[in-house]
Each structure stands twice: as C-alpha cells, then as structure tokens.
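Engineer: Listed here are the chains, written in short residue letters.
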Amino acid sequence: MARIGVFTCWCGENIARNVDVQSVAEQAAQLPGVRCSQTHKYMCSDPGQKLIRDTIAAERLDGVVIASCSPHMHLKTFRKAAEHADLNPYLVEMANVREQCSWVHSQRSRATAKAVDLIRVAVAKVRHNRALEPIQVPVTRKVLVVGGGVAGIQAALDIADSGVPVVLVEREPSIGGKMAGLSETFPTLDCSQCILTPRMVEVAQHPNITLHTCSEVEQVEGYVGNFRVTIRKQARYIDVDKCTGCGQCWNACPSKKTPSEFDYGLGKRTAIYTPFPQAVPARPVIDRDACLRLTKGRCGICVKKCQADAIRFDDQDELVSEDIGAIIVATGYQLYEIGKPDGQGRVTGYGEYGYGRYPDVISSLQFERLVSASGPTGGEIRRPSDGAVPKTVVFISCVGSRDNAKGLSYCSKICCMVNAKHTMLYKHKVHDGQAHVFYMDIRAGGKNYDEFVRRAIEQDGAHYHRGRVSKITQEDGRLIVRGVDTLAGEPLTIAADLVVLAAAMRPATGVEDLAQKVNVGYDEFGFLCESHPKLRPVETNAAGVFVCGACHGPKDIPESVTQASAAAAKVLLMFSRDRLYREPEIAHVQESACAGCFACRRSCPYHAIDPAEIRDRQGQLVRRVARVNPGLCMGCGTCVALCVSKSVDLEGFSEEQVYAMVESLR
Amino acid sequence: MLQPLRETCRRLLDDGTVQVVIGYGQAMRAVEPYPVFITDPNDVGQLVWNEQCRTNLVKYLLRQEIRALGKPAIVVKGCDERALVVLEQESQIERSEIVVIGVACDGMAEARCEVCDAHQPRFADHTIGHATNKEQSAERRYAHLAEFQERPIADRMDYWKAELERCVKCYACRQSCPLCYCQRCIVEKNRPAVLDTSPTLKGNFAWHIVRAFHLAGRCVGCDQCSRVCPEGIDLRLLNQSMARASEASFGHRSGTDPQAELVLGNFSKQDQEQFIR
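Same order as they appear, the protein sequences are chains W and A. Mapped onto the working numbering, the consecutive letters of the first sequence carry residue numbers 4 to 669. Mapped onto the working numbering, the consecutive letters of the second sequence carry residue numbers 431 to 707.
If you are wondering where the hints come from, they were derived from the structure by calculation, not from laboratory data. Do not take every clue at face value.
Keeping only pairs whose Cα atoms sit at most 27 Å apart, straight-line, the calculated BS3-like set for lysine-lysine is [to be verified]:
| id | chain 1 | residue 1 | chain 2 | residue 2 |
| --- | --- | --- | --- | --- |
| 1 | W | K450 | W | K409 |
| 2 | W | K260 | W | K307 |
| 3 | A | K619 | W | K649 |
| 4 | W | K394 | W | K450 |
| 5 | A | K599 | W | K649 |
| 6 | A | K564 | W | K649 |
| 7 | W | K537 | W | K44 |
| 8 | W | K299 | W | K259 |
| 9 | W | K573 | W | K537 |
Keep in mind it's a predicted model, so treat the numbers as computed, not measured.
Just chain W, with the same shape it has in the complex (with noise of 0.2 Å):
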C-alpha cells in the first residue's frame, strides 16, 4: 500500500491566485494512495522543506508529489530535502501547478480542476517509482577550452594557476581574439594590447597549457569528466620547435599581396606571416592558397633566410586526441556583415550605406586598427581611399543591431561605449577634427560607463544626433550623410571624410557546427544558450560543457573575463570531487526481448548503445543485443520511442509509470 504525502505551494500569490490550494490539497487527499496533503506558502523556503522533511518521518511516507513550480527549477532542491528525510530522492515528483497552470490560465474553477489532475497524475506516477542510485563516473582532471579570446585566455590561466592541466584551442595562428586588435579600451582608455599581450604570453609559457593554434575541435566523445576529444591541427608548414621567429622568411617573401585578417583588410600581408608583432607563439605560418611555392610549385625564399631549417613545406594536418574532463566554450564574436551581395545584384543588409562600395565606410573594428599604434598606419588616423586625415568622421551605431528588418532584434551591448571611445580617440589624435554620432538610444549600463560617454560630449566635443541614417553617397571625394535628427525633428545631411559602422555582434563562424558536437543548445542568432539565465548563466544543458565570452552573447571584455573566470570556478568545482554523480534516469534495454536491430544505436545522439553478445553456455554465440553504457547516456528517451519490439524503458519515466499517468485521467 502506498503511502504518498502530497505538498501544495501557494508560491505566494503565484499560485493561489488562480488556484485554490485549499481545495487542491483536500481533493489531492483523496487520491488513491495519498496517505496526507498539506499546503504551504513557500515550499521551498526553509520552513517549507521542514514540512516536508517531519511529514516524511511523521508518516513514514513511500512516496512525494510537490505541487509547484516546474522540475527545472526546483526537483533538485526538493529531492534534497527528502533525501533528508532518509527517503530516496528518486522518489519525489513535481506536479507544475504554476507554468503549466495558475500562470496560464485566468479562470479560478478550471485552473483548480487542472491542478487536481496535474497532481492526480504525479500521484499515478510516483507509485511506480523505484529507489534509484545515482551513477557514479571517474573524472578526467583536464580542460580543454575552445578559442583563445581574452575569455578563454582567462579561463585558461584561472585553471591552470590552480594547478590543473588546460588544452586551449585557436583556430588563428595566435592567441588574443579581438581584443588584440583593439587600440584602446572603455572606459579608462587603456591600451589593449599593453594589458593582453601579458597575458597571451603567461598562456604560452605555462607548464599547465598546452596551446593549439591553427587548431580545430573535429570529434567530441564521451561524456562528463570523460571526453575524448579528437583535434584537428591545420598544417602550419612551420616546425615550430626549430623557428626561432627571427623574422627573416617574412621579410623576404614575394608574396606581399594577402590582405591581412589582422587589420581585417586594411593593411596588406606576406604569404608567411606572423598576424601581429606581439602573436603568441611568436612564430609565422605559411598561407597554403597565397604561398607561391604551395600554389605554383616555385618559389622557396623563405627556405633558403631560414637559419634554423624550420620550413616544412610536406607538412600536413594532424589529429591529435586528449582526454578531457570539462569543455569551456569560449569561441568569441565576428562583426555582422554590413552589406553583403546576395549573389543576384542586391545587396543584403545596409547596402545603402555603400560599405565595401566606398573604400572610407568603414567598419569600427577598421578603425580599431587605425588608431593602433601597431596598425597599417602606425596609429595616425588616415583614411582608406588616399590617406588623408579626415576632418569629419560620423560614426553610425545599431548598425544590424535592433532592427528586425535588416539585421538582428537583439542590442549588442558594446556599441555605444565603442562610438563614445572612438570619438573621444580620434578627437585626441586629430585636433582639429569633428565626431558626429548617429544613435537610437545610448546604452551605458556599467561602472564609470556613463560619465565616459558625458565626457566624450562634453569633453571631448562629439556632436550626438538621435536618428538614423538613411543613405550614404559620395560626391567629390566626400561621404554625404543623410541622416535625421529627430530631437530637432528635422533632416541632417553631413559631409564626412570617413565614415565608421558599428556593426552588431553575432557569434563566430562555426559555433553551431562546434554546438552540435558538445550538445550545447543555441538560439536562433546562434548564441550558445546558458542552462539558467540567472543562476546557472556559465554552465550549458550539456553536463561538463560551460561557455564564457561573446559566444553566449553580446559581451564587453570586463563581462567576457568575469564569466571567464565563473566558468573556471564551475570547473574547478567539478574537479573538486574525486567522482562525479550523475543522474540515474538513463535508458536500459531488455536484452530478453531486444531484437538486435540496432534502430537505437543509430539514433543514439550520445552515442551511449554499444552492441553486447549473448553466448551460451559452451560459449556460442546466440545472439547480439544492445546495451546501454550508464556513463554515457543521458536520458533523452530518443531510443525508447524508436524500438519497435518496446525493449528499451527510460528509469523515471517507465513505461508503466507513463502508461499509469495517461490511465489515471481516465
């Protein structure tokens, strides 16, 4: 006989102003099974869980349903508080009688009914629980994070001074992200290089990292504390143990014509190359599609400077694979592509503003490398089409971003800081200049961020016009800006030297191919998504996999290295015990009645069902069936659905216990 006690939160008003929890609590008690019902304000508040915990003792309870909010936020709490109560966790339910009820509906009579028989079928269901044991894994105690921005970077450091071995993979041939093209940073202005370039080479010289780059993540098995992680090392064409990165091959090469990623275009580089002075590691890489030698089969300059035999022309992609424990995700942010030929004579997104068109728009991480001391123009400003200074720059903010037409619904956070720093640098370089800034609304939530855009207007003389812009030509060798100003509620039209485009930020290129390897949800922008936005915002639906940086969405780098650094604690934490738990609500076949198809096995997207033989007792083999590796398998039921002979049952959502939910309303 079962004896199931059922607890009803009024969740302050949540609840009981739809529902009322009086009468759900004396109806529940009615339920077959149903030793006793009790209610309370807030069930998850301490003297809520001291309810819980004496009644389980009182009654000597087999069973729990809690009435309130949904699973995924609160199973775990009140799971705990049985398992204080010496009741296995595994047998308390959740009746969602506020998302799933007193939220949604409006009428007190109807939503009381639903609540009834929400909690009529957790009832059903919990009388066919079982006890279960949660299944414990060995841990990996090593990191791999994914790109090498200042997030990564940071959570890198953050691990390995902790004592942990890190694997930190970049696609690039260095480390250091956008930030190390940056020139300044908001808002204290200081030089972006002069506070990451440290940084960069604490990483290259740390006993604890081991550095990828020119790298990929190509194949991600396993599971929590025991990934199997297979890397992808581009061909670098270079031994990097013999380089010393003395700089004679690049000086040398012929091949002078690449434009350069580093300056995104505006400066032009060699087909061996470092990307900039300070990259780490300090040594070059040759460009398999520029490189002479590689293309036509001549060439080979740089072989004949090189003192230290370091070229290696036959050198080919490798694979290299490690055992990992934790993923951090830190793979960064690209600029929205401003006006993009759409392949049939139009051009998609701003192509009214002529971007790529006209050689002086430009967009702000363009002018990111204009202002650098270490870019194509060694920090004077000087524009693109014949490098004159120009006297007249308009920076255009949300430029993809918010805007449902064109672009992108979402603010991308760092943009009005951005303008507000660029003209500030720019009126500090050209003194004589003007800064005009088009913006919708300014945007500078933050410590200090605020007075800096004041100060950019008031000190440093910006003129802000609230409007957008509607068209940009040029005439004469200057840009007209057409724009309006809507607080003077009339047309504005500029004539600009230069032009610069804040465009928005979307997540980098390949974030979904690399999401889809680490089972890690992303949104509709291709933003990774977090497993809780408030209490939970490092950590992924995808155990032992966390992300950090603009990978997660529009970020600044004081965010980016603060959930860094909570990624790197997550982790640390997870190492912290020597074996992990995991939840014990995992798929299991019935190898009596498994037909061996292997239907599961196919679709398993954990790759969990490996096949197992059945031999008699002389040995023969009689036949094959599947079986479920319990590390691997995450519950997700897609095998269950799939087996056509029915041999496959999920712990905690059995087909008895379903079947028994769907019967119970009857």
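Put chain A on the given structure of chain W with help from the hints.
Structural biologist: Quick look at chain A alone, frame taken from chain W:
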C-alpha cells in the same frame, strides 16, 4: 532454368560451402510450391522453379531451427532479395554467412510483377538465367495505391472498417513477413501492454496500423502478408502508403541500396518535413 539451379545447389552442398539450401519444392502440380530445406546433395531433384514460386523464402533464414542446420544457401527472386538487404542493414543477418542464389524471373503472374523493376537479381552470389530490369516510374509502381487514395476519406474509412472487421488476429501477416523478426512482438508485451490485442475492430485497427508504422521505410513490398491473409485483406495498401511516403519524403526505397542510411533513426539537415506540418 531448373537444371542449372539444381546443379548450383548440388555443387554448393557437395563441396560443403553450405549445409542447407532453402528453395521451392512441389508435391502436386495443382498446388503452390512450398519451401524445402535440402541438406543432402542427392535431394536437389526436389527443387522446382515455375510461375507459382511467389513465396518470399527470406523469412526462413531467421528461423532458429533452420539456423541450426548450418550455413544456408537461399533461392531468391530479384524482389525477395530486397528483404536480404534490409535484414543486413538491421544486423539480422551476416551477408557473408549466407549464399544467395538469385533466379531471374519474368514475373509470377501477379499484378505487382507488371511494374517490377527487379526481374534480374542484383546482389546474388550465383545468378541463374537472365532477365532485363526495366526502370519503372514511381507513378506506375504506386498506381494501385494512388487509385485507392483518390477515393474520399469517408469511403476509405468504410473500406477499412469492412476489411479489418474480418481480421481474426491469426498474425499470419507477422509470421510470414521477412522483416518481422522481433524476439517478442509488441502484442505479446504486457506490464504494461502497449496495444489492444482483442480481435475487435478497434484492436484490429491498432494492430494493423502499428504494424504498418513498424514497417515504415522498411517494407520491401513482397506482399507476403496479403498473400497469406486467410481473410484476403489487402494489407499491401497500408504498407505501400508508408513506402510511398518514405520514397517521396526521403528518396529512400528500402532494400535497393545496401549502403543507404535507414530512414528512421537517422537525421539529415536535408530532410523534408512536410509530413509533420
């Protein structure tokens, strides 16, 4: 045709390549051939080949008592062969453990033979005779079904009610199907039972619809189920409609390509999802 068939089988048994040949035998000319399991090379004279060899013998490969006889050779037509392909894809047979004797077939005087595009076996180890495979358009292959599906939905419901009313749940369809190989069929599952097993109209609907779904993307259209049904229910219509959907939505025709990915349980970004809308 018959002589080379018997000779091939004798040779395979003689040199010990196989221990049993699964083929067609006949007692009286008036009745349909029945399956024979020949283990002695001197018995190959029992083998026959004629226009009545409609039965798909592939099912017998899976039978425990036949497996106990040793390595088998099996006589198949080009159409039966498709079931072998699916069974291999579903890990039920090891192709290298079976010798397949394909017999070219000009048709077995059945309607489906007129739109057959597998007169000549394609994957057999030994092929007897020669026939020409002619490409058949999907329209032609599913003409019978298309004609039925043009009827108003209420008509079709009445049709199925009348047909399935007669089903006696003898499960001959399941027993004869080369792709029904489960250790325990879901109708035998209890605790909890998954579908209504009573031979009532409701229970019969449940059975035949579930069976059609379990064959979705798998049925090779051998029509053995329709052939063995004692009530003469045209079960082919159900299975064909799933086969047609699988072909139209995923370009998948079961058993025609050993390298193909199975439709169910595989995800591809190119998948069309019109049937879900």
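Engineer: Next, verify each hint and record whether it holds.
Structural biologist: Structure-based check of each hint:
1. As the CA atoms of K450 of chain W and K409 of chain W are separated by approximately 32 Å, the hinted pair breaks the 27 Å bound.
2. With a C-alpha separation of about 21 Å, the suggested pairing of K260 of chain W with K307 of chain W holds against the 27 Å cut-off.
3. As the CA atoms of K619 of chain A and K649 of chain W are separated by approximately 8 Å, the hinted pair is consistent with the 27 Å bound.
4. Of the pairs offered as hints, the one joining K394 of chain W and K450 of chain W is violated, with about 32 Å between alpha carbons and a cut-off of 27 Å exceeded.
5. Restraint check for K599 of chain A and K649 of chain W: the C-alpha separation of about 20 Å stays at or below 27 Å, so the hint holds.
6. Restraint check for K564 of chain A and K649 of chain W: not satisfied, since their Cα atoms lie roughly 40 Å apart, outside the 27 Å limit.
7. With a CA separation close to 23 Å, the supplied pair K537 of chain W and K44 of chain W stays within the 27 Å bound.
8. Distance hint between K299 of chain W and K259 of chain W is fulfilled; the C-alpha atoms sit about 15 Å from each other, no more than 27 Å.
9. Between K573 of chain W and K537 of chain W the CA atoms are separated by roughly 15 Å; this keeps the pair inside 27 Å, and the hint holds.
Hints 1, 4, 6, counting from the list given before, are not met by this structure.
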